[in-house]
Each structure stands twice: as structure tokens, then as C-alpha cells.
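J.: Just need the whole structure built from these sequences, with the hints factored in.
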Amino acid sequence: MGTELGAGLTPVGEAREVLEAARREGRELAETERVVAQVEAGTAVEALRRTREMEERNAEGVPGAREPMIINLGPQHPSTHGVLRLITELDGEVVRDIHPVIGYLHTGIEKQCENKTFWQTITLVPRMDYLSPFFNLHAYNMSVEKLLGLEAPSRAHWLRVMLSELNRITSHLVWLGTSGLELGAITVFFYTYRERDRALDLFEMISGERMNHRYFQVGGCSDDMPEGFEAMVRRFVQEMPGRIDEYEGLLSANPIWIERTRGVGVLPADDLIDLGVTGPALRAAGVDLDLRKAAPYSGYEHFDFNVPLGTRGDAYDRYSVRLREMRESVRIVEQCLDGMPEGPHIADDRKVVLPPREELATSMEALIHHFKLVTEGFRVPPGEAYSAVESPRGEIGCYVVADGGPKPVRVHMRDPSFVNLQALRPMAKNAYLADLIVMIGSLDNVMGGVDR
Amino acid sequence: MSEYRNLLDAACPGAVVDEWEGAGGELTIEVDRDRIVEVARFLKGEPCAFRLLSDLTCVDVIGGDGRGNRFRLAYQLFSLETGDRLRLRVWADAEAPEVASVTPVWRTADWHEREVWDMFGVRFSGHPDLSRILMPFDWEGHPLRRDYPIGGEDVQFSDAV
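Order-wise, the sequence lines are chains S and V.
Going letter by letter, the first sequence gives residues 1 to 452 in the numbering used here.
Going letter by letter, the second sequence gives residues 1 to 161 in the numbering used here.
Be a bit skeptical, because a hint or two may be false.
Restraint-style ranges between C-beta atoms, simulated for each label pair [unchecked claim]:
| id | chain 1 | residue 1 | chain 2 | residue 2 | range |
| --- | --- | --- | --- | --- | --- |
| 1 | V | 62 | S | 108 | 15 to 21 Å |
| 2 | S | 149 | V | 94 | 53 to 59 Å |
| 3 | V | 98 | S | 190 | 49 to 55 Å |
| 4 | V | 147 | S | 27 | 21 to 27 Å |
| 5 | S | 94 | V | 147 | 45 to 51 Å |
| 6 | V | 41 | S | 296 | 46 to 52 Å |
| 7 | S | 337 | V | 157 | 49 to 55 Å |
| 8 | S | 253 | V | 34 | 54 to 60 Å |
| 9 | V | 94 | S | 271 | 44 to 50 Å |
| 10 | S | 434 | V | 80 | 42 to 48 Å |
| 11 | S | 69 | V | 98 | 34 to 40 Å |
| 12 | S | 190 | V | 94 | 53 to 59 Å |
Everything labelled a hint here was simulated from the structure, so no lab data went into it.
Only a predicted model underlies this, so the values are computations on that prediction, with no experimental measurement involved.
Where a beta carbon is used, it is the ideal one built from N, C-alpha and C, also for glycine.
T.: Given below as C-alpha cells:
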């Protein structure tokens, strides 16, 4: 096998690694392994041999005998949103095929979850898709609550909805700013990060952290809205529609933006569903699938909002869907502020929820509960649960398996970035290399979520 | 018995092993390992129309099911028309776990199955590209197995200093 790949040369690096692995397991190389080995084994001598062969065949006049050039794009490339490696087969400027290689950000969070108690795991999950931490938390907590049979109070649900929608806005702002950067529209980045920072201030005010919050707890939210928070959110949502107008003013009718995004990355809607694509990328193709409407959770059925859809399913439609989604999110946040129900922000189940801080000084029972919850954690009855929420990128699902102990047997995140990235290969076939960058941007993958 | 169980019993007799409603009223149907592709194909088509495979993952169950199986696969199905969810469950062998791939039915299963192979060492027969996806290609062992120690691996790149 070695000679076949390296043409007489000793295979180096990854080529050697995959060959060894295949030999150890006694099997043939799989497709991705073969491609990776080819890139690594493609030494200068090898490249020369291939070019000579190609020239000979061209001289013989064999039509279409051009061999694709294999280029390694990434993992470190500014436009790949993290560490994404794409092995591209190029025919001139045209991409004939791509092979995504992922795993460079793999941190084994799912393994770590199995060694933490249920309440400690809350700290780990928002670190997967780091641009939408509240959605990860939401899905995880819903699954654990389902297993416990615990219902969060309605105020907690409204707080969750409000912060999720603010998070949807910040996530879309990062996407918009970086997508603009990739296409040379640098101004947009400064505009969007200005508003994103304002929203992060809000997160800091309510949860104490700007990113990777552990604000959603099993049974509700860790704290109520602090004083002055409502006024700040109101100011933010009053300003936001005007800000979105500014972004649209920069891009929506911008000839360069339109030329670069129109007709790029189109796949038929049926293919997208078959590939598991959800979120704005699917809705841009005209499929009305939004879990907030299709399978309402946390009281989304009480809110009045629209699900923006596209018609062509190209990168421009994805842009337009996301911008309109931000406007709908603003509306939902306003409704949250207007109709926020009174009552507790977390369930009153002392076997699961930490007692209020002030009780620790006066109540022995509260102190015992606190001690038991922090040292041992709460036990969850055996079973399995899958809960899904509509994140800025699509369906974030959390599958939790419990065996009756205080630690989960399995926590698995169905991350939309991971699933949606699969659509890149069929999308990129026979497209221009420059458009490949637009496609990566328009799918809005977060590599932390892809690799987990 | 659920409506889906009745439909399955009529279309694929003997394929369903068991069914129950778990936490939160989630419907789970356990299916014979050798029949999974047949069942998947039926559920994707009319009248069930589970066109979206949301998720596919695995659990390493210590002690297994008592019949020599250890790995429990879970397929989360979603219907765009009705908003219904259904979980399929399949057991894989402890020694040489192998299940037929559902990639011919849902293309999205491709990476999910690669991840399960990478993390649990469950092979999927008929998969077009069964290679490691998150771990390096020459990694030994399957990290999400319950007997794989945490912190037990070598520190990588320590020779590069």
C-alpha cells in the first residue's frame, strides 16, 4: 500500500499514521484517510511526476485528461471560522471536490461530562458552541428536568426565552461581522461588534459572565433580574431595529455583496433535509422548520413572532433570513419584558435546587441541603431524554442518559454546526474556490460545536 | 401500543423488539439489529414521514443487556409534517460491535456514524467512508468507552520542545 501512495517514497507524517492504523486494524484505507495520505505524501518529487504525466497525456491529445490539483486549505486559515481543514481538489479555479477534516478543536467535553455530577456538567456544555452558550444550557437543562420530572416556574421560562433571543442576536452579529470581513466589507465588523458588546454587558449584568454563562440551572435560572437590568434591555431593544437598518444600508443593496452571495451555495431543499441541515440555512431554501413553532418549548407558543423564509436558498437568502430573524428576536425580547410573569425564578425543590443564600445563615436544614447538593449532587432516576432547541444555527439537541446516580452516563450534544458542515461538500462541487469561502461563512459553523 | 408500532408491525413483521414511553413521554422503539435499515427506510417514507434524522449516537452500557450486547445506539427521528419525535434503539455486540449503516436512507448519518465508530468502536457495515473523525487517524482505542480511562493518554507533542 505504501508504494502506491508515495510512489516509491517513504510516506511521512499523517500518511504513515493512517497506513499504520489501517494495517493494525487489518483493513483498507477509508476515503478520507486516503485523501489525507495523498496530501501528505505529495512531496515535490511526487508533484513533478504528476505534472509530467499530465503533460504527456495532454500531448497525446486525450480530451479532459487534466488531473485535479490537490490543495490543503487550513486548518489555520482566517476565513475558515476556527480550525477547519479542507482538502480541495482544484481544476484551475473550480473546486471539483472537497474533503473536510475536523477534530482540531476536540476537547473531549462529552467524556468529561461523564465524570462530573449533573450540576457540574452545566459548566461544561456552554463551551461547545461558544457563540450560543444559552442554547446549549437550555437543551441540557431541559433534558435533565425531563428525567427528574421537574417543571421550571414560568418566570424562569420567560427569562430563558429572553436571554436566548438576546443570544440569537449576538450570535448573528458575530456571523454578520466576520462574513463581511471575509468578503472585504470591513466596516460591518465594527458596527456589529459595537452592538454585540452592549449585549454582552447585559449577559454580564444578569449572570456575572460575558461568555460561557452558567445562568440556566436545573429547575430554572440561578438569579432574578438585577436592578436596572430591565431598563438596559429596553434601551437595547429600542436601539436595535435602527442598528439593523444600518447593517442593511451597508450590505443589502451593495453591488459587491450581492454579486458575491447571489446564487452561491444552493442545494435543493430535499437534499438539505436529507443532509440534516436545520436553522437559517434550511429556512433560506423555503422550508418552514423552526422548533420554536414546530415543537414549542419554554412557552414559545405564547409569543407573537414570524419565521422568516427565503426562496432561492443561496448565501444572500441566508443573510436576509438572519437579519430578519434578529428583528423578530427583538420583538420577542420586548414581549418578554412586557409580560414577564411574577413569581420565583427557580423551582422550589430542595432536593435538586440550591437553597437561597440568605437561608444558609439561619436554617440548619438549608445548610444540610446545600452541603449535600454541592458535595454529592442530586440523583437522577434512570432513563434517557432528548431535548432540542432552535439555536442560531439550527437544532441543538441534548441527549442525556442517567442510571440513578449523581453523574450522567452519557451527555451527547447534537450540534447543528457539526451536521450542517456535511452540506459543504455537495454545495462546493463545481463551484469557484472564491465562492467556497462564502459558503463556509453562510453556513455559520462554529468549530467548537463541530469538534466538541 | 403506539400508532408507529402498529404501522411497523404491519410493514416489517417481527422487527420491533419492544416499545415504551420514557421520561417526558418520549416514545422509544427497540428494533432488531439486523432489521434497522429496513425499519429506517419504512419510517422515512409515507405515512410516517420521518424525513429528518436529528441525531445518532451511542451509549456504552456497563453490564450490557444480558444477551452479550454492550453498545446501545439511539436514532432520534423528527417529522417535519407533524413535529413528532421518535427514538429508535438498537443493541450492538460487546466483542465485535457492528450494525448496518443507515447512510443509504439518511445521508446525514454519515458523520454521526463516523463519530460513533471513532468514539465507541462500533463498525457500520456499508458505510462509504468509515474513518476516524474527531481523533487523530492513528489513535489507539475508543475514548468514549466507559473502560477508557480519563487522563490515561500520553501528552501529545511533548517531544516537539
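J.: If a hint holds in the structure, say so; if it doesn't, say that too.
T.: Comparing the hints with the structure gives:
1. Roughly 19 Å separates the CB atoms of residue 62 of chain V and residue 108 of chain S, a value that falls within the hinted 15 to 21 Å.
2. The beta-carbon spacing between residue 149 of chain S and residue 94 of chain V, approximately 32 Å, falls outside the hinted interval of 53 to 59 Å.
3. The hint said 49 to 55 Å for the Cβ distance between residue 98 of chain V and residue 190 of chain S, and at roughly 54 Å that hint holds.
4. Under the hint 21 to 27 Å, the C-beta atoms of residue 147 of chain V and residue 27 of chain S, about 23 Å apart, fit the expected range.
5. Judged by the Cβ atoms, the range 45 to 51 Å given for residue 94 of chain S and residue 147 of chain V holds: they are separated by roughly 48 Å.
6. Here the CB-CB span from residue 41 of chain V to residue 296 of chain S is close to 30 Å, at odds with the stated 46 to 52 Å.
7. At roughly 50 Å, the beta carbons of residue 337 of chain S and residue 157 of chain V sit within the given window of 49 to 55 Å.
8. Hint check: residue 253 of chain S to residue 34 of chain V, Cβ distance near 58 Å, so the stated range 54 to 60 Å holds.
9. At about 37 Å, the CB distance of residue 94 of chain V to residue 271 of chain S disagrees with the hint of 44 to 50 Å.
10. The hinted range of 42 to 48 Å is not satisfied by residue 434 of chain S and residue 80 of chain V, whose Cβ atoms lie roughly 34 Å apart.
11. Between residue 69 of chain S and residue 98 of chain V the Cβ separation comes to about 38 Å, which falls inside the hinted range of 34 to 40 Å.
12. Between residue 190 of chain S and residue 94 of chain V the beta carbons are some 57 Å apart, a value that agrees with the proposed interval 53 to 59 Å.
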